[in-house]
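Undergrad: The lines below spell out each chain.
Number of protein chains: 2
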Amino acid sequence: MRQYETFELTMTGKALKQNYAAVDVTAVFCCDGQEKTVSGFYDGMDEDGNGIYKVRFLPEQEGHYTWQVTGEVSAKGEADCDRADSLLHGMVRATGTHFTLEDGSAFYPFGTTVYALANQSDELVGETIRTMKNSPFNKVRMCVFPKHYVYNHNEPSFYMFRKTDGTDALDTGFTENDGAQWDTSSPDIRFWQRFERICAELGEAGIQIDLILFHPYDRWGFSAMKTDACLTYLDYLVRRLSAFPYFWWSMANEYDLMAARTPKDWDTFGNFLKEHDPYGHLLSNHNCFRLFDFSRDYVTHACIQSSWTYRAAQYIAGYHKPVIYDEMRYEGNLEESWGSISGFEMVNRFWTVCAQGAYGTHGETFLPEDEIVWWARGGRLIGESPRRIAFLKDFIYSLPGALTPVAGMWNRMMEIRKKGQAAVDAALAAMPAEVRTFAGNILNMDETEQTLFLLNESVAAGKVGDVCQLYYYGRMCPGRVNIRVKKGSKYKVERIDAWEMTRETVFEEIMPSALPAGGFTAPGEDTAEQGNICVSMPSREGMAVLVSRI
Amino acid sequence: MRQYETFELTMTGKALKQNYAAVDVTAVFCCDGQEKTVSGFYDGMDEDGNGIYKVRFLPEQEGHYTWQVTGEVSAKGEADCDRADSLLHGMVRATGTHFTLEDGSAFYPFGTTVYALANQSDELVGETIRTMKNSPFNKVRMCVFPKHYVYNHNEPSFYMFRKTDGTDALDTGFTENDGAQWDTSSPDIRFWQRFERICAELGEAGIQIDLILFHPYDRWGFSAMKTDACLTYLDYLVRRLSAFPYFWWSMANEYDLMAARTPKDWDTFGNFLKEHDPYGHLLSNHNCFRLFDFSRDYVTHACIQSSWTYRAAQYIAGYHKPVIYDEMRYEGNLEESWGSISGFEMVNRFWTVCAQGAYGTHGETFLPEDEIVWWARGGRLIGESPRRIAFLKDFIYSLPGALTPVAGMWNRMMEIRKKGQAAVDAALAAMPAEVRTFAGNILNMDETEQTLFLLNESVAAGKVGDVCQLYYYGRMCPGRVNIRVKKGSKYKVERIDAWEMTRETVFEEIMPSALPAGGFTAPGEDTAEQGNICVSMPSREGMAVLVSRI
Chain A
59 MRQYETFELT MTGKALKQNY AAVDVTAVFC CDGQEKTVSG FYDGMDEDGN GIYKVRFLPE
119 QEGHYTWQVT GEVSAKGEAD CDRADSLLHG MVRATGTHFT LEDGSAFYPF GTTVYALANQ
179 SDELVGETIR TMKNSPFNKV RMCVFPKHYV YNHNEPSFYM FRKTDGTDAL DTGFTENDGA
239 QWDTSSPDIR FWQRFERICA ELGEAGIQID LILFHPYDRW GFSAMKTDAC LTYLDYLVRR
299 LSAFPYFWWS MANEYDLMAA RTPKDWDTFG NFLKEHDPYG HLLSNHNCFR LFDFSRDYVT
359 HACIQSSWTY RAAQYIAGYH KPVIYDEMRY EGNLEESWGS ISGFEMVNRF WTVCAQGAYG
419 THGETFLPED EIVWWARGGR LIGESPRRIA FLKDFIYSLP GALTPVAGMW NRMMEIRKKG
479 QAAVDAALAA MPAEVRTFAG NILNMDETEQ TLFLLNESVA AGKVGDVCQL YYYGRMCPGR
539 VNIRVKKGSK YKVERIDAWE MTRETVFEEI MPSALPAGGF TAPGEDTAEQ GNICVSMPSR
599 EGMAVLVSRI
Chain B
59 MRQYETFELT MTGKALKQNY AAVDVTAVFC CDGQEKTVSG FYDGMDEDGN GIYKVRFLPE
119 QEGHYTWQVT GEVSAKGEAD CDRADSLLHG MVRATGTHFT LEDGSAFYPF GTTVYALANQ
179 SDELVGETIR TMKNSPFNKV RMCVFPKHYV YNHNEPSFYM FRKTDGTDAL DTGFTENDGA
239 QWDTSSPDIR FWQRFERICA ELGEAGIQID LILFHPYDRW GFSAMKTDAC LTYLDYLVRR
299 LSAFPYFWWS MANEYDLMAA RTPKDWDTFG NFLKEHDPYG HLLSNHNCFR LFDFSRDYVT
359 HACIQSSWTY RAAQYIAGYH KPVIYDEMRY EGNLEESWGS ISGFEMVNRF WTVCAQGAYG
419 THGETFLPED EIVWWARGGR LIGESPRRIA FLKDFIYSLP GALTPVAGMW NRMMEIRKKG
479 QAAVDAALAA MPAEVRTFAG NILNMDETEQ TLFLLNESVA AGKVGDVCQL YYYGRMCPGR
539 VNIRVKKGSK YKVERIDAWE MTRETVFEEI MPSALPAGGF TAPGEDTAEQ GNICVSMPSR
599 EGMAVLVSRI
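From first to last, the protein sequence lines stand for chains A and B.
Its first residue numbered 59, the first sequence is counted upward by one per residue in the working numbering.
Its first residue numbered 59, the second sequence is counted upward by one per residue in the working numbering.
Pulled out of the complex, with its shape left as it was, chain A reads as follows (with noise of 0.2 Å):
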C-alpha cells in the first residue's frame, strides 16, 4: 500500500448474470483511528466460473491500515502504507480560487478536449495518448458514453450496459435506440475494463482526466435514461473508479442541451456523487448556453464554455471557487464557427484567462479525411497553439505563485454600480468634476450596455500577491504601456511575446517615475502610494508584461 496509490483488493464469491451494480460489498479502512468505508463491485467471471468481486481504496496518508470487507464477500487484512514517492501528488483540489494536489503543490490544469477517446480503437487510442504524453496538456476532457455527433459516427467497442430484454447489445448488432430501455444495473464488464485502462496510462502520465458522465450527442438513447437508472450508473460508476486519483467529474457536455434532463436532476446527480463520492473529486457542469450554478456546494470549481474570456475575472469574484474556461472554440477548419478560430485566437484565449488567474482548455477541429478529429476521437495534433500553450504553461508554472484577477478600472466602477444607486451618486459627488460626466455614464450602464463595455476591454491582468503583476494585451498592439507600481521599490520588467515565445528582460532594476498627469482613476483607487513604468512594445499583438518586484 502507498500514500496516492490506488490499492485494490479482488475476492471471488458468487457469479451474477444481472443485477449486479449495486451489489452488497461494503469495506472499512481504518488508520489511526480513522475510518473510510467504501462500496465494492462485481467485476465480471474468472475463468472457473466464480464472480469477482473488487474493493478499491485510496490511501491519502501514510500509516498503518487495517480493512474488513463485508457483505456479498468478506475479507479482512492489513497493511503499512508508505509515504508517496515524489511521483505522486495524490488527488487535485480546489484551494481558494486554485487547484493544488494533495501535497500542496500548485497544479495549474492545461486541458484537452478528446470527448470519444475511449470509445475509439486501440490503435488509436495508444497513438492518442502517445500524442498526449508529447504535449503540454494535462488534463483531458472526455466522455464515458460513446458520441454521435458531426464527424463523430462510429460504433463503441463495447456498450456501457446489457438491455433490459436481457440482450446484449454488442453481440445484436445493436447500433442505435431501439425503444428498449438500458438495463444500468447490468453493466457490461468488457466495456469498463477496457476504459479503466486507458484512463489508468493517461493518469500515470500525469494526465487529468476530466470525466463526463452524461452528455447530448446520442443515437443509442444513454441520453435518455431514466433517473434512476443514471443513479444506477453513477453508483456503479464510483465504486469502480473513485478510488484512482486522476478523476473529476464533469456532471455533463453542455447538461442544457439534454431534453431529458431537469434541473433537479443535476441537483440530485450533484449531490449523490458528494455522498457517496468518500474522496471528494473535483465536480463541475459543463454548459452549451447559460453557465451552471456553480455556487452550488457540490460544485467545487466553474466550467465555463464560452468566447469571451476576458470575464474570467467577474466569475472569479462571483464564484470564489477556480474558473476554467473548458470551451472557449477550437483551433480547426471546420465550417461551425465553434471549430474554425485560428491558433493565434486559441493561444490569445488562453493568455486571456491565465492573466487573470483563470485556466483554459484546448480543442482541435481541422477537417479531416478520415473523420478522425482531435477534439472527438483524438489521434495527432497539427494545429499551431499547443507549442505556444506549452510556453505559456512553463511561464505560468515559473511564477512565484498563482495569479489573482487584477481588476481594470471599468470592473472597479461595476463593483460600485452594484452596491446600487445611493453608492453610485457618492462616488459621482466624491469625483473630480471633470470626470463625472464620463464617469456617469459608466455608473449608469444598463444591464446591455456594460456587457457589451466591459467586453470591449482589452487588458487581462493578475497578481501574484504585491510580488508580480501580468498585464496580457490580447489583440492590442501598443508601441508602449504605462503600468502603475507601488513606489519606493524597484522592479524587474519583461516582455512576454505569446506567439513567438519569447521572454525578453527589458529592465533589470527599474525605479518607478511620477505618475503621468491627467490619468483616470476610478473611485476609490489611491494614487498617492503609486509609480509609473513605462514599456517600450513592438506594436504587435500577443504580448504581455510582467513586472516583479526586486
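Honestly, the hints are just simulated from the structure, not real lab data.
For clarity, every value in this text was computed on a predicted model and none was experimentally measured.
Heads up, the beta-carbon is just placed ideally off N, CA and C, and yes, glycines get one too.
Residues from chain A shown here face chain B by an in silico Cβ test under 8 Å; the list is partial:
| hint | residue |
| --- | --- |
| 1 | Asp314 |
| 2 | Leu392 |
| 3 | Ser395 |
| 4 | Ile399 |
| 5 | Asn499 |
| 6 | Leu510 |
| 7 | Glu515 |
| 8 | Ser597 |
DSSO-like, lysine-lysine: derived pairs with alpha carbons at most 30 Å apart:
| hint | chain 1 | residue 1 | chain 2 | residue 2 |
| --- | --- | --- | --- | --- |
| 9 | A | Lys322 | B | Lys476 |
| 10 | A | Lys379 | A | Lys521 |
| 11 | B | Lys545 | B | Lys521 |
| 12 | A | Lys221 | A | Lys322 |
| 13 | B | Lys476 | A | Lys476 |
| 14 | A | Lys94 | A | Lys134 |
| 15 | A | Lys112 | A | Lys284 |
| 16 | B | Lys191 | B | Lys379 |
| 17 | B | Lys322 | A | Lys476 |
Label-pair restraints from in silico Cβ distances:
| hint | chain 1 | residue 1 | chain 2 | residue 2 | range |
| --- | --- | --- | --- | --- | --- |
| 18 | B | Pro490 | A | Met559 | 46 to 52 Å |
| 19 | B | Gly231 | A | Glu492 | 20 to 26 Å |
| 20 | B | Arg470 | A | Thr222 | 39 to 45 Å |
| 21 | A | Ala375 | B | Met569 | 53 to 59 Å |
| 22 | B | Gly478 | A | Pro490 | 42 to 48 Å |
| 23 | A | Met559 | B | Met569 | 45 to 51 Å |
| 24 | B | Gly71 | A | Arg475 | 54 to 60 Å |
| 25 | B | Asn77 | A | Glu492 | 30 to 36 Å |
| 26 | A | Asn192 | B | Glu566 | 45 to 51 Å |
| 27 | B | Ala317 | A | Tyr207 | 51 to 57 Å |
| 28 | B | Lys548 | A | Asp226 | 51 to 57 Å |
| 29 | A | Pro321 | B | Leu573 | 31 to 37 Å |
| 30 | A | Lys72 | B | Met467 | 54 to 60 Å |
| 31 | A | Tyr207 | B | Lys322 | 54 to 60 Å |
Using the hints, position chain B against chain A.
TA: Chain B in isolation, oriented as in the chain A frame:
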C-alpha cells in the same frame, strides 16, 4: 447657376462690429412656382469699410430661377439654372437603410476621421487633403471647434468667436478658458473663411464632410457654451454652410461626454437644424457610451461608436435607417485600447459591417514623433488598412445594388423572442422534438446571455434582392462552407480574400444540390425551396463568398 452647385450673391451694406451672426437678410428663390427661403449672413468688411453680406443657395432642380433679397440689404435677380454636369451629383440623402445621391446614384460611405483637420496649419491641411484624394475615403469626420486631447494640444489658427468682453481671443494670446463667455453673435470671420476654403477643397474632391458641430475635448470653453449661444452659433453655421452640398451634420462627437448638455439640448439642436437647414442635410449624433436615440425624427441615420460590428443587422432592423459604424476603434499602436487595433482588425470590422449593408469609418492612430496623428490632425496614412478598404469599396460598388442584411438563424430566433412568451412557446411546440431543447435555450435567454450569444456569431451576411448573397466569415478559418440558395437556378460563386485583396471565381455556373441532412432549421424557415452549394475555402481569416444568381 448650375444644378447642385452653390450659388452665391454678394451685397454690400452697413459695416457691423458686433451682433452680426443673426443679421436680418432673407432671400426667396423661386423656380417653377416653388419658393425656397434662405437666410443670408454677414461676412466682414471690404477694403472700403463696407459690410459684406452674402446669400448662398443650392439649386436642386434645373429651370429658371428668380430671387429677391430683403432686410439689411436688398437685391433681386434671375438666372437660368443648367442641368448638372456628370460630375455633380447633389447632396447625399438617406433612402431607406442606404444613401443615394440626389441624381439617384448610390453613395456608399467609406469614411475616415481627422477630427481637428480645420484647425491645423495650411501646410498640414494641404498634405492631409492630398493624402485623402489618394485614398479610398469619400467622407471625413471633422470638427468645427479645435480639439484638446491626448496628442492634440496645438492652438487653432483662429478662434471661432470674439469674446463677450469685446476682445479678440487670437489677438490677446488666449489659450484656455478664462471664465469669460464666447460671443457667438460675433463670429471671427477669418475662421469661417479659412474653414470654408478647406471644406471646399475636400467637397470638390468628392469627399463628404461629416461635420461635428460640438465636442467635449476642450480647454477653451466652447463645449460649455449656454444653449442660447449654441443656437446662435448653429444659426450662423447653417446660413454660411448649408448651401454646400457636401456637408453632413453630426451634432456631436461623444455627445454623452458633454457635461454642459442635457438630453433636451440635443432635441433642441436637432429640431433647430431640421427647421433652419433649407436642404435637409444628413443629421445624426455620435456617442461614447450610450447610442443616441436614432429614432428621433430629425435623425437621418444611425452614427454608432461600437466595436461590436456584428450587431449592424440588429441596428438596421431596429432603426429602419442607414447605419454607419462611425467609430469602431482605430488602426494604430497607442497604449489606449481605442487606438491600437491591427490593420487586419480594422479591415475585418469594415467587411463585417459592409457585408450586412451597413457602413464603417476608418481612423489611424500611430504613436507620433511630432504629435501629428492622422485621426486628429491628418498628415500621411501609414497603416495597412486603407488599401484594403479601397478594395472593399470597389467590391461593394461592383455589386448590382445595396446590400440588406440576411438575418442569421440566431437573429431570426431572437425576433420570435421579442414577440413574447406565447410566441416562443408556439414556436417551440411547432419544432421537431430533437431540436426543441436546443432552440428552447436560445428562445429563453436573458438579456446578458442573448447579448453574449449573438456577439459570438461570426458570419456577416447580406443580399441584393434575390440576385446575390454575400457571406463574410471574419475571424473564422473554414476549410469549406455550405451555402443555402434557392433551387432551380444556376449560380456564379466567387471567393474573396479581404486581406490579400483577391477575388476569384470558384464556379462559373453551378446548380445547387440537395440540402445536407440534419441541418438545423429556424422556426418559420422554408427549406423546401432551398438547395446547397459547397465551396472549398483556404482555412484562414478574412474570407468572403459571393453567390450570384445567373
